[in-house]
Amino acid sequence: AQSVAQPEDQVNVAEGNPLTVKCTYSVSGNPYLFWYVQYPNRGLQFLLKYITGDNLVKGSYGFEAEFNKSQTSFHLKKPSALVSDSALYFCAVRDILNAGNMLTFGGGTRLMVKP
Amino acid sequence: DAGVIQSPRHEVTEMGQEVTLRCKPISGHNSLFWYRQTMMRGLELLIYFNNNVPIDDSGMPEDRFSAKMPNASFSTLKIQPSEPRDSAVYFCASSSVGDEQFFGPGTRLTVL
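Protein sequence lines correspond, in order, to chains F and U. Take the first sequence: its letter number 19 is residue 19 in this note's numbering, and every next letter is one higher. Take the second sequence: its letter number 74 is residue 74 in this note's numbering, and every next letter is one higher.
Bound-form chain U, shown alone:
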C-alpha cells in the first residue's frame, strides 16, 4: 500500500495567489482529515470528512480556506487568496472507523 499521498510536497507562492493542496487517502478508508502544523500553534485539525461528507470544519481559519472531497479517493484544500501567515506544513490523514489515522508526508507551504 502506498499510504496517504499528498501533492505537492513543497509549494512556494506569493501573497494573493491561489494554492491547492491535494490528498489521496488509503484505499478503503472512510475518514479523511486535514491538519496544519506550525511552530507557534502546533498541530491543528482544520476539517474532516466521513464518507466524503464534511463533518467538522470548525478548525478552518477563515473563508479563504475551503476543502472538498468529490469522491472517496481524492480531496483538496484550497487557500484563496493566500497570505504569509498561512505558511505551514499541511498534513492529510485517513482512517477506517475506530482505527488509527495514517498521515501523509505533508505539504510545506511558503507564502512570500
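So here's chain F without its partners, still in its complex pose:
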C-alpha cells in the first residue's frame, strides 16, 4: 500500500520569504513522487516530479523539491514566495511496483502568501 501525508493544512508566509510545504510518503518499493498545484476553480496542475537521479528536482514557477529517502520526505520549496503562489498544493506518490499508473494524493496544503 502507498500513502502520503501533508502534515500542515495551511502554510502562511510573507512575500519574498522562502517557503516550504511538507510531504512524507510510504511505499513498499521505490517511489515516484509528484507535486501539483490547484488554483481556485481550476484543475490540478503538474509542478514537478522525482523519478530517479538527483535528489533536488526543479519544476515550474521556480519551485523545487528535495527527495530524502531516509526521511521518506519530498518537501516543496521556493526561495522567494510570491502572492500569486497562493493556492492549494498536493503531494502524490506512486509505487514503482504498482503495475498501474495510480497516484495516491495527500490531503493538500493551502499556501497563503501575504504582501
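For the record, the hints were derived by calculation from the structure and aren't laboratory data. Glycine residues also receive a C-beta, built at the ideal position from the N, C-alpha and C atoms. Misleading hints may appear alongside valid ones.
Reference listing, derived: stretches of chain F covered by chain U, where coverage requires no fewer than 3 residues with Cβ under 8 Å from a Cβ of chain U [stated by the list, open to error]: (1) 42 to 50; (2) 105 to 111.
Some, not all, of what chain U presents toward chain F, calculated at C-beta under 7 Å [unchecked claim]: (3) Ser95; (4) Glu100; (5) Phe103; (6) Pro105; (7) Gly106.
Chain U: place on chain F using the hints.
Same frame as chain F, now just chain U:
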C-alpha cells in the same frame, strides 16, 4: 494540444435525476482517472482505466455510480439516481505509463 476536456463544466440537477459527466483524454495517453473533490473529503480517486479497461473501481461510492470507457478517446461517469451528497467537483485526468497525470478543468455538480 487541448489538454483533457470535460463536459459539462457546470451541472445543476434535482435529486433523483440521472447525471452523465464526459471526458476526452489527451491523445496517446493510455490511462484515465476519475476523481471527486469536496471540502469535507478532499480529493478521492473513484476509478481508473488502463487501455480502456477498468483496473480499480474501489473508490466508487456505491452502485449509483458507474463509469465506462468505450474507446481510447472518451469516458463517461454516470450517477443514477443522483443525491444531494453527490454534489462535488469531478475531475478527469489522463497519463501515459510512468508519467504525470494531466487534469481536466473539472465538472462542478450541484444536486438540489
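Going down the list of hints, with the structure as the test:
no.: 1; hint: 42 to 50; result: holds (count 6)
no.: 2; hint: 105 to 111; result: holds (count 3)
no.: 3; hint: Ser95; result: holds, 5 Å
no.: 4; hint: Glu100; result: holds, 5 Å
no.: 5; hint: Phe103; result: holds, 4 Å
no.: 6; hint: Pro105; result: holds, 5 Å
no.: 7; hint: Gly106; result: holds, 5 Å
Checked against the numbered hints listed earlier, the structure breaks none of them; every hint is satisfied.
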